[in-house]
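Colleague: If you count the sequence shown from 1, position 195 lands on 223 in the working numbering, and the numbers rise without skipping.
Be careful, since some hints might not be right.
As the list claims (entries may be wrong) - Here are the in silico distance ranges between beta carbons for each label pair:
1. 286 / 332: 21 to 27 Å
2. 239 / 340: 31 to 37 Å
3. 367 / 212: 53 to 59 Å
4. 280 / 156: 44 to 50 Å
Keep in mind the hints are simulated off the structure, nothing from the lab.
Note that the coordinates shown come from a computational prediction; the quantities given were computed from them, not determined experimentally.
Glycine included, every Cβ here is placed at the ideal spot set by N, Cα and C.
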Amino acid sequence: MDGIIDLGRLDMDPSRRSVLGVALFSVALAVPDWPDVVGRMEAAQQGVRARMGMSDVHTVAAMTEQLSATDDQFGGRTARPLAAAFLVNTVVPFLRSSGPDDVRKAMMSAASDLCYLTGYMAVDEGLHGLAQRYYLQALELAGASEDHLTFCTTLRGMSVQAVDLGQGPVAMRLADAAAASSPQAGPRMRAFLAGQQAHAAAQIGDRRSALMYLQEAEVAMDKAEARGRVFGSYYPASLSYHTSQVRFEMGDVHGAVAAMQESDRLRYGIYRRTRVKERAILAERQLATGHLEAACKTWGLALDDYPAVNSGRIDKRMTDMFHLIRPHIRNHEAQALYERARATVRLELIPA
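Modelling step: build the complete structure from the supplied sequences, incorporating the hints.
Modeller: Set out below in structure tokens:
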């Protein structure tokens with residue numbers, strides 16, 4: 029528990045704590061039965077809650093879900109400070125409270141899920157060392173609470189971080205470990221895990237395994253969709269994204285473009301941050317295939333949502349966009365995009 033406290037406090041800017049408190053309670057207002065949730069948060073922060081119950085576990089789970097939705101809409105820079113504040117000010121006091129063994133185990137599981145989410149937000153900011161610390165804390169809590177789902181999800185998240193950093197062998201080991209830790213996974217979870225295994229295998233040049241895992245993910249997804257769609261889980265747009273990444277790693281840029289377009293078509297509208305990021309990736313690949321005007325149009329769609337999203341990963345994509353477009357600046361579409369981007373993105377991202 030001390031590790032959580034140290035990590036959370038390291039992650040919180042003391043000058044912003046009062047502001048974060050107000051923002052965090054505004055997130056709580058979106059939770060069903062929010063007066064009860066707010067009351068439990070206040071009691072935990074004031075140290076007046078001596079005994080913990082399952083209703084407190086439900087409070088943490090509900091707030092984690094809302095913080096995840098905030099991250100999806102507005103990016104990690106907006107959501108992570110709120111998650112860190114909630115972790116330190118509310119979750120840690122809950123963990124310190126007495127309660128039945130089953131409740132304590134459930135609270136550790138809920139805390140594990142929150143640590144994983146906060147690590148994912150840190151990745152979105154480009155704070156990779158901090159993200160790994162959150163991920164390791166999530167693994168520790170998940171192991172202690174025997175939460176196999178969060179344990180394997182966190183390992184997979186660490187694989188995603190590694191593959192995005194170009195560390196293919198590490199990503200492969202982590203993806204395989206995630207799959208091995210969830211031997212009884214249902215079809216949607218199996219697709220979730222196999223899709224990441226496919227991407228990692230493609231990055232290390234193991235074409236045979238990449239295609240095998242991708243096919244496994246496709247079969248599992250078909251079974252999962254036949255049982256009914258699950259909102260907010262791994263779904264066909266996610267699989268199309270992995271298909272695009274596998275094709276790109278194997279040198280099929282045209283196939284990567286087609287799969288990413290399919291992912292964009294299938295994606296739920298609430299995932300705004302993902303939409304901006306993947307449209308930027310799509311534009312880069314359209315440009316790589318020689319389709320300059322199509323790339324400019326796709327980057328323009330990304331810019332539509334950009335002002336509402338605060339994400340280090342997306343800022344990096346926007347910086348890349350300026351460098352990629354500059355050689356084509358005499359083209360009318362490219363020039364219009366370049367000027368629009370200069371008026372839209374954060375000033376520090378605009379090249380001199």
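Colleague: Of the hints stated earlier, which fail here?
Modeller: Checked against the structure, the only hint that fails is number 4, while the rest are satisfied.
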